[in-house]
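With the hints as your guide, set chain R with the ligands onto chain H.
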Amino acid sequence: MISLLTHSNPLSYLPHSSPTPSISPFFTHTKTLKPSKLKSLKINSILQYNRKPELAGDTPRVVVITSGKGGVGKTTTTANIGLSLARLGFSVVAIDADVGLRNLDLLLGLESRVNYTVVEVLNGDCRLDQALVRDKRFSNFELLCISKPRSKLPMGFGGKALVWLVDALKDREEGCPDFILIDCPAGIDAGFITAITPANEAVLVTTPDITALRDADRVIGLLECDGIRDIKMMVNRVRTDMIKGEDMMSVLDVQEMLGLALLGVIPEDSEVIRSTNRGFPLVLNKPPTLAGLAFEQAAWRLVEQDSMKAVMVEEEPKKRGFFSFFGG
Amino acid sequence: MASILTLRLSPSSYQRLIQPNLTGLRRAELGFDSCRLNLRNDQRKAKKFVIRLALSGDSDKQDKSIQDIVFVNTRNTLVKFRESVCSRPHIFVTKRTSTSYVAVGICVVTMFLVIVMRVYKSRISRPSRPGSVADLVRRGQLRSDRRGISSTLKYEDPFNNPMVKISMTNSTVEMCGKVYRLAPVTLTREQQNVHIKRRSRAYQWKRPTIFLKEGDAVPSDVDPDTIRWIPANHPFATTVSDIDEDMAQTNVYQKHGVPFRIKAEHEALQKKLESLQNDQKFSKLTIDAGNAKNFERPFRTQLKPDDQVEEKLSNGPSRHTQSDCTRNSLGSNTNTDDIQHT
Ligand SMILES: Nc1ncnc2c1ncn2[C@@H]1O[C@H](COP(=O)(O)OP(=O)(O)OP(=O)(O)O)[C@@H](O)[C@H]1O
Ligand SMILES: [Mg+2]
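Protein chains in written order, with the numbering used here: chain H, 5 to 332; chain R, 1324 to 1665.
Next up, chain H with everything else stripped away, as it sits in the complex (with noise of 0.2 Å):
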């Protein structure tokens, strides 16, 4: 475990900024409408809403969310980075894979609106246009789900018949969408395999604790050897104040056991719980919240195909001003 110490002082963080192109939109890209202003102030805005990011890598890019460790947030993260890409323009279809315990279409409040999924499709009942779920808020994002609850779809085909769809997106009418987002269930079962057969970069949610560090890292493992290299990790349930404490892994203490470059830091945050019952992600939410700003920044990043150069460690003390004193 490195010491978070080492890398608390600002002036080391300074010169390091890599020689790569590609650095966080939060530090390059400074060009707002109101410069001056900005020059002037102390501190600056991180997320500007003036800029979209630039689409990088080929279309579709098919992207599969999986961890291995169940309820770690693949679905949530499914749901906001899916919903933030839309809402900067791009089209989405969200491929819920989790053929046993779907729960995708609640999150994004679209569960009344799925009657047909692959399996009609596979069967004939249905085209796949049919089966595809049109958000109501962008209608650029589309929801496709493998199966409903109860119905048994044979093993091994599943990849095969998530190869077809992909192909059959591609060349649709209304264009190639930009971004195949795949939710992948837990374990490193069928539904794994299915998820992962048609992707070819891979986001890998993880919470700091070293029970979903372990499934993080056979993940991984399998996931190299199936030939999918472009893989980032995003560490969702984060409490600054723990790691503060040293009761919890930091963000870079999870980065140096998996070595992986990270897409996001997810803080703990309520709000999500809230946004899930609501039917709501969190990423629309007005005011925006702590892990609501975390899941634009990653939908950003993975626009991008960037990765975060600083990370949030903990809470800097609060300042006491002259007039905390008088109970401020």
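Please keep in mind that the hints were generated in silico from the structure rather than gathered at the bench.
In this text, all values refer to a predicted model and were calculated from it rather than measured experimentally.
With a cut-off of at most 27 Å between alpha-carbon atoms, the simulated DSSO-like pairs for lysine-lysine come out as follows: (1) H:K140 x H:K174; (2) H:K164 x R:K1578; (3) R:K1536 x H:K152; (4) H:K152 x H:K174; (5) R:K1586 x H:K164.
Below, chain R with the ligands alone, put in the same frame as chain H:
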């Protein structure tokens, strides 16, 4: 007689008796302050009236009653009379309002009861599966009004997001009002490669291409590493494929028109009906689910090879009727509920 008797009791009781007859109505119309105006007329009327009453009586107590009446006409009693007249309608009105309060109260209570009953009834008659989203909404665990229809954050909205600010030195970030310390990421490409090498040594894996149930024979041309063994009692996975893969693939790629299977079934049905029409008998037969069901028997006896399609044909409508039945029964249930509750 009775009137005289009551008159005798006291001057005030006399007033009480006479007053409503004479002025009650008008007072009710004009209110308290107008009583003085009417009083002069009333005095005369009252006098006449009482005298007439007295004359009509024939008992030995006549004198006394006349005295009483005379006494009434004295100044002192007139003042009293006036006062009591003025106060009379007061009693009268308060009595009336108290009764109307009761009536209004009863109305309110009954209305409230009716509302409660109706709400309760609708609660009971509402069909809800336990654990369904609708049920969760009803139990207050989900907010229906908020599911998927909130107003969205506008893309252009926060021009410069005020929630995320990074300090000039890049050492801290302020998010949602909290200041966090930033630490740079130090992972290098070499370190990543070391990890990749470590994992490639630790995990050797080939993506399974074939799924076999325990006990199945291994095909000769398959790499044993790519076989995935599935327990026989797996909850949702089957290894046997009843899907025709080529057809499934064409289904996936189909972009227009009716899906292949439905079209095929439809065509088969059409053919069958045509052949039947050619045969004889059912010359007026059209493709109609109800009709098709009725003619299920002749189909079965005459056409053996297309049994499957025919099965679907007969299944389709029967399933429909079943669901209709359940819907009807549900509906009738709620109806009877309603009747019971009303
Ligand atoms: N950052 C967070 N803060 C608080 N709660 C979170 C956070 N991320 C996820 N959760 C909660 O964790 C639970 C599991 O999340 P989610 O369903 O996304 O996990 P999953 O990996 O998809 O699970 P499964 O393996 O079952 O598919 C949810 O109830 C969610 O609200
Ligand atoms: Mg999930």
